[in-house]
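For chain A, the structure is supplied; the task is to place chain B on it using the hints.
Below, each chain spelled out in residue letters.
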Amino acid sequence: MSVKSQSIESKKETGKDERLKKISPLRVLLNRPELGALGGAILVFIFFGIVAGDTGMFSAYGTLNFLDVSANLGIIAIAAAMLMIGGEFDLSIGSMIGFAGICIAIPAIYWGWPLWTSIIFAFAMAVLIGYFNGIMVVKSGLPSFIVTLAMLFILRGATLAITRLITGRTQVPGLRVLIEDDPIAWIFATDTFQWLFTWLGSMKLIELRTDGTPLATGIPPSVIWFIALTLFATWILMKTRYGNWIFASGGDKVGATNVGVPVGRVKISLFIGTAVASTIFACIQVLDAGSADTMRGTLKELEAIAAAVVGGCLLTGGYGSAIGAALGAIIFGTVSMGIFYTDVDTDWFKVFLGAMMLIAVVFNNYIRKKVTETK
Amino acid sequence: MSEYLVQFNNISKFFGKVIALKDVTMKLKKGEIMCLLGDNGAGKSTLIKTLAGVHKPDEGEIIFEDKKIIFDSPRDALDIGIGTVYQDLALVSLMSVTRNFFMGREPQKGLPFFRTFDIEKANKIAAERMGQIGIDVRDPSQAVGTMSGGERQCLAISRAIYFGAKVLVLDEPTSALGVHQASMVLKYIVKAASQGLAVILITHNVHHAYPVGNSFTVLNRGRSMGTFKKDDISREKLLSMMAGGEELNKLEVELKEMDRIASN
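Quick note, the sequences are listed as chains A and B, same order. Reminder that position 17 of the first sequence reads as 17 in our numbering, one-by-one numbering, no gaps. Reminder that position 90 of the second sequence reads as 90 in our numbering, one-by-one numbering, no gaps.
Calculated from the structure, these hints are not laboratory results. Glycine included, each C-beta is placed from N, C-alpha and C at the ideal position. Don't take every hint at face value.
[What the hints assert, rightly or not] Interface residues of chain B toward chain A, partial, derived using beta-carbon atoms under 7 Å: (1) 94; (2) 103; (3) 109; (4) 204.
[Said to hold, decoys possible] With a cut-off of at most 25 Å between alpha-carbon atoms, the simulated BS3-like pairs for lysine-lysine come out as follows: (5) 27(B) to 239(A); (6) 239(A) to 121(B); (7) 237(B) to 27(B).
With the rest of the complex left out, here is chain A (with noise of 0.2 Å):
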């Protein structure tokens, strides 16, 4: 092992320019936005490890059950880092979860559609008004705070008045009949690897039911969304085309217009990102629930910012990551589900929400300015 790991090293080291000379590995981490995140996240899993260990916090149930919160902000807390990145904000993520829930609701129970056409339709909105969103702050140049702060206003309070009008309340319920056989809604409603749990309940590893089925029936929807939309997000941003755009759209608006980069284009792609982001969020908890409320997603696009902003993403854009973002949306998730298992009073999550961020932006202000300092 040691021998062959020496060999691969070697062949390394060769066939490396010469002029380049050799940074640590703690160097490359520090450079990294996402550092801050696993820090934290790490003290946070030590913490709760020490404090609530015994409390089957970490039982299969009770892990899937933080993950499941986590992974839930995760998707649209990537899609809100991408944005930031790209240097604008959204404020409608909230209220486009909302909007997209009763896109889905009201034409399949009031309108008789399938589910899966509603679906579509829901994220066939979920583009236009991302696309409005976007095609607002380009043209105009106007702040993306003051054009989707709006968004967020008119998004909510068409969602209540539609809801009200159509329906006569606030809430669709009923939901959950249509998803079996549904074409499409299984992407959003299925846990997977039953097969697993079940085994591992038969083996009696893992809780089980008094009926002698397991506690945890699966891996939620929204954590493989999670994982799916982490791996994606990252991919574009360090390895495409359209990345490199993304950072330079973000990082200098007018000079990467002036070497070519199609920054317009770009923001509204990430404008659309984030709405569509919100309508998968809105697909899972809808479908979850069975049913579509009016106030879904109410302040969800503070917490998407807020853990986007934890994972190192700058306000001033052109900087941040897709994995950091995650590790900020599976902070929160942590300590959200994991104040529960403490003698901890719950009322103190927001206090502690608060204080990461504080303690985040502080550090990656620091971490920008070691990142651009002249040698």
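Relative to chain A, chain B alone:
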């Protein structure tokens, strides 16, 4: 084929009632460095933007390699080989040297829909190109923010050349630099010209322009005061032709006077 690579004939540009440029003519041969001198407000920026395709000239014509050219966008100017390096350099300090070098024109590999940014190739080219100028980029993935001002300038110029610039338009490349850094950039500009590029060097610093320029065009309040070969004009003459030159002369006289009084 005429002896000139690029000609700007009687270029005028108006913004409403303001005459930003009027009848400016410049002609460049391959390997020539033309310095465009002028004080603040002389119309240098407008002229650059017209050369770079940002503005369309209201009058006059641009002739490149004997063909009349009309630019619809900065991209058009880039495509025919007019590379402009703006004062802000179009560099993102948080991004790596490589990512900056290939910004907007990233080399790709792989199948359609799965195309990736060929970062290994890009790293290699960026390090190689920077090495040629004598800048040792220890790690092409280091942020541009860690480089000195002169190095950044050279990176931006080197990028323009790599992407096929035949005419290099440099906007105040030395204005924010110290003496050492400025001479490093000027040396590189001379080297680029010696390889057959035509260079338009825009500056208000005669002391930087004079040693490297072959010819000098002086701009004053939107009009060209003429183009002069180096042999035909002295540094002092150039300085006094620029607006403010007289003032500097006065200042010099005053200072001499003060010196005389002090030494008495």
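Against the structure, the hints come out as follows:
1. 94: With a minimum Cβ separation of about 5 Å from chain A (threshold 7 Å), the hint on residue 94(B) holds.
2. 103: holds (5 Å)
3. 109: violated (10 Å)
4. 204: violated (22 Å)
5. 27(B) to 239(A): violated (43 Å)
6. 239(A) to 121(B): Holds, at roughly 13 Å.
7. 237(B) to 27(B): holds (21 Å)
Of the hints listed earlier, those the structure fails to meet are numbers 3, 4, 5, in rising order.
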